[in-house]
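Participant: Position chain B with the ligands against the provided structure of chain A, taking the given hints into account.
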Amino acid sequence: MKFLVFVEQRDTVIKKSSCETVRAARNLADVLGAECIAVLIGSGVEAGAPGLGQYGASRVLVLDDPALAKHSSTAYARAIASVAAAEAADIVFLPASQMGKDLAPRVAVKLHAGLAADCIALRADNGTIIATRPVYAGKALLDVRVTSPVKVFTLRPNVFPATVAQGTATVQKADVALSPDDFGAVVTNVDVAVGRPDVTEADIVVSGGRGMKAPEHFALIEALAEVLRAGVGASRAVVDAGWRPHDEQVGQTGKTVSPALYIACGISGAVQHLAGMSSSKYIVAINKDKDAPIFQAADYGIVGDVFEILPELTAQLKQTLGT
Amino acid sequence: MKIVVCVNHVPDTETRVKVGADGLSIDRTGVNFMLAPYDEIAVEEALRMREKFAGDVTVMSLGNEKHKETLRKALAMGADKAILLKDDGVRDSHGVAAGLAAALKPLAPDVILFGKQSIDYDDAQVGTLVAEMLSLPSVGVAVKIDIQDRKAVCVREIEGGHEIVELKLPAVFLAQKGLNDPRYPSLKGIMAAKNKPIEEQIALAAAPLVETVAMRTPPAKAAGRIVGTDKSAVSELIRLLHEEAKVI
Ligand SMILES: Cc1cc2nc3c(=O)[nH]c(=O)nc-3n(C[C@H](O)[C@H](O)[C@H](O)COP(=O)(O)OP(=O)(O)OC[C@H]3O[C@@H](n4cnc5c(N)ncnc54)[C@H](O)[C@@H]3O)c2cc1C
Ligand SMILES: Nc1ncnc2c1ncn2[C@@H]1O[C@H](COP(=O)(O)O)[C@@H](O)[C@H]1O
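Heads up: the protein sequence lines correspond to chains A and B, in order. Quick note: the first sequence, position 274, residue 274 per this note's numbering, numbers continuous. Quick note: the second sequence, position 121, residue 121 per this note's numbering, numbers continuous.
Careful: at least some of the hints might be erroneous.
As the list claims (entries may be wrong) - Pairs of lysine-lysine, DSS-like flavour, derived with a Cα cap of 25 Å:
1. A/Lys110 with A/Lys173
2. A/Lys213 with B/Lys231
3. B/Lys66 with B/Lys18
4. A/Lys110 with B/Lys105
5. B/Lys196 with B/Lys86
6. B/Lys144 with A/Lys290
7. A/Lys173 with A/Lys213
8. A/Lys288 with B/Lys231
9. B/Lys221 with A/Lys281
10. B/Lys151 with B/Lys66
11. A/Lys2 with A/Lys16
12. A/Lys70 with B/Lys144
13. B/Lys246 with A/Lys281
14. B/Lys151 with B/Lys231
15. B/Lys66 with B/Lys52
16. A/Lys318 with B/Lys246
17. B/Lys246 with A/Lys16
18. B/Lys2 with B/Lys81
19. B/Lys168 with A/Lys70
20. B/Lys18 with A/Lys281
21. A/Lys290 with B/Lys221
22. A/Lys318 with B/Lys231
23. A/Lys70 with B/Lys151
24. B/Lys66 with B/Lys196
25. A/Lys110 with B/Lys168
26. B/Lys105 with B/Lys168
27. A/Lys288 with B/Lys151
Hints were generated in silico from the structure; no laboratory data involved.
Here chain B stands alone, though its shape is the one from the complex:
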């Protein structure tokens, strides 16, 4: 089975976001980047599929030279090879998806995995855009993927419950938390990753269709009120929620 996982290189979740000098994107000084958490789950799922069905796992990322760090992490987890689609442009999700779709097409994977969303722009659209660009069926927010005879039966999260989705390979899957617990790269894996190839291609990314006009940080919230320190505060809390906030 030929499996490709698309991974993004994103600021770590502890990042204190500051707007950069351009007023359009974040100030990157001192920010640590990492393999996006949902993408890590996607890589893990790919490795488990390979363990079950044989085949190989390629990880792919579109971006600058720094994305190699994230590709290395995925290689250390156990992916076989990596492709960096080199690009220094300002992209929106459509632009990234176009670049990924163009590179994926000639590879004709049986399975393409994504995270359900990056944790930078929180767009949750790249995976499904790629699926549509390649005319492939997809499952978003998958918490279970069962493949048998080139048919996949998946469990997907919806509000208050789950859906069972059926589709045929080749197909696109978007990993959600709960699908698996990603492994930590072993020391052996980290050493082996150093010798695994990272192929470089020039990305065929498209121009943006969504343009950022401004980035700002949300207004700081005024400090809250401590209503009390024991259960005698409860009636006052209920009064505030009822009369001041009017939420109950």
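One chain only, chain A, in its complex shape:
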């Protein structure tokens, strides 16, 4: 058996979610006796290829082309599917990142494969693979099996560990010829805010809700996020009020996050909010209402006023962490 893992890079930097995906694929490959190959696409990306060995790739196929410097769902999907076909890969893995979600359905159609999306666990069962994926915003879990000969899986970021081990990967050029017709949709520009991590990628997320009372008080949330090097999230109530941008909304109609630590400040814990963050490893709630539903979901709670607790927490963490 052969596994092929798509490795996402932005500005030649390989994303952590892809390292997680390579490692998860390799762990499964070891159980099933499969080879684990990575495919790296972009411009000037070759230098990063050998390093994928430490996450478990035995070979890395590199497609280095200036035309592929920026994402193009149509061209990237063509390239991945060509490599998968040439290698006769049985399974293609991608991170369930925004780029992975843009590519996986196209790759699946090209390979006549079923796609199990946004998996949070994978296990081998009698030579096949059972994947677990959350549905209904995490209110239920499905165990699924892909029945087509070739299979595609996307793995949710921040769930599988990107464990490092000794290992080197051989690097080869991928033999793919793209034509101008393959560039049906092209990215012409990217703006990524530097500094603060995105909520879907951050190890720690600090979120604020209506209990913060006014947009300017999010300075307290940002200060805490700063010392923890955390992402900033928000409830829908404050996004709808225009206090925070849409891309910070966590929940059923916002982003799904699974950081190691989620700190909810002045958030009541409505079911639609819990849907987006309940898979966080640890949850801290700060709310002045002891009956707020967020305390049911939290591992640790402080029943108190955010305006009293947050400055104290930030100050003490600053001392402890020296950040």
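Facilitator: Just chain B with the ligands now, kept in the frame of chain A:
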């Protein structure tokens, strides 16, 4: 401009999910269904495109008779006509996408809109599957769509920022929150929707490629610990996060 919006009929977000007797899907008793929130944004975007470029808006849904409720809602918002692709089968995203693609092809729309994801199976794949099946370019998680001279310049959300994506019509767009604020159907719209046609076709949906083995609810979490009720609790919280949870 010919615009088609694919809409799904999903359990409302307040639904308390219980596993049904088959062990494979939810217990539907007492569950309210609604037009999926992202699909509502897609319908709104279609209406705005029609306002700008003229043309017509068709809404399409694949599923059982009940999907008519959702189609009616989209008609009440202002869509011109609706198509129900009748299907009672157990489908995966691939099966649904195959049925939608087969029905979309003869219509040859200039623009096909989807929600970025349904809120039932949270698959986020049907729109892009359809695009690939029809060999059309697509933009996922679009927060801005600007069309001029049959060329679209879109803003799409990515981790920590945005991408500008360019593509030519015909094309597929997946609506993300932030694209617009969907209108509420007016009373006039609701009345008018009663007289708008819902065409019925037999869906040409495909057999599933992903099979559900089991559905379960996640293990209930043990009640958390209240560390304290004022700022004297802060140092204990930090100790717990450091020593017990080991997350800082
Ligand atoms: C279709 C649909 C989709 C939705 N999707 C989402 C979604 O994706 N994400 C989401 O978040 N919501 C979503 N919602 C909205 C959700 O139902 C809630 O309305 C929302 O989450 C409430 O936000 P909140 O907790 O900030 O506000 P509130 O519910 O008003 O809670 C504010 C909390 O702050 C506390 N508080 C007040 N003052 C202080 C203080 N000084 N110190 C400490 N605590 C204080 C209060 O005790 C209260 O618990 C959705 C709703 C629907 C119908
Ligand atoms: N049964 C359906 N009928 C019509 N459109 C659908 C159906 N299921 C999903 N869609 C569309 O595909 C999008 C993504 O769905 P999903 O891949 O299931 O998350 C939805 O937002 C709808 O626009």
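Participant: If a hint holds in the structure, say so; if it does not, say that too.
Facilitator: Now the hints, each set against the structure:
| no. | hint | in the structure |
| --- | --- | --- |
| 1 | A/Lys110 with A/Lys173 | 22 Å, holds |
| 2 | A/Lys213 with B/Lys231 | 19 Å, holds |
| 3 | B/Lys66 with B/Lys18 | 20 Å, holds |
| 4 | A/Lys110 with B/Lys105 | 18 Å, holds |
| 5 | B/Lys196 with B/Lys86 | 18 Å, holds |
| 6 | B/Lys144 with A/Lys290 | 41 Å, violated |
| 7 | A/Lys173 with A/Lys213 | 56 Å, violated |
| 8 | A/Lys288 with B/Lys231 | 12 Å, holds |
| 9 | B/Lys221 with A/Lys281 | 11 Å, holds |
| 10 | B/Lys151 with B/Lys66 | 36 Å, violated |
| 11 | A/Lys2 with A/Lys16 | 23 Å, holds |
| 12 | A/Lys70 with B/Lys144 | 19 Å, holds |
| 13 | B/Lys246 with A/Lys281 | 11 Å, holds |
| 14 | B/Lys151 with B/Lys231 | 57 Å, violated |
| 15 | B/Lys66 with B/Lys52 | 32 Å, violated |
| 16 | A/Lys318 with B/Lys246 | 17 Å, holds |
| 17 | B/Lys246 with A/Lys16 | 21 Å, holds |
| 18 | B/Lys2 with B/Lys81 | 12 Å, holds |
| 19 | B/Lys168 with A/Lys70 | 18 Å, holds |
| 20 | B/Lys18 with A/Lys281 | 24 Å, holds |
| 21 | A/Lys290 with B/Lys221 | 18 Å, holds |
| 22 | A/Lys318 with B/Lys231 | 16 Å, holds |
| 23 | A/Lys70 with B/Lys151 | 19 Å, holds |
| 24 | B/Lys66 with B/Lys196 | 17 Å, holds |
| 25 | A/Lys110 with B/Lys168 | 21 Å, holds |
| 26 | B/Lys105 with B/Lys168 | 17 Å, holds |
| 27 | A/Lys288 with B/Lys151 | 52 Å, violated |
Hint check: violations occur at hints 6, 7, 10, 14, 15 and 27; the rest are consistent with the structure.
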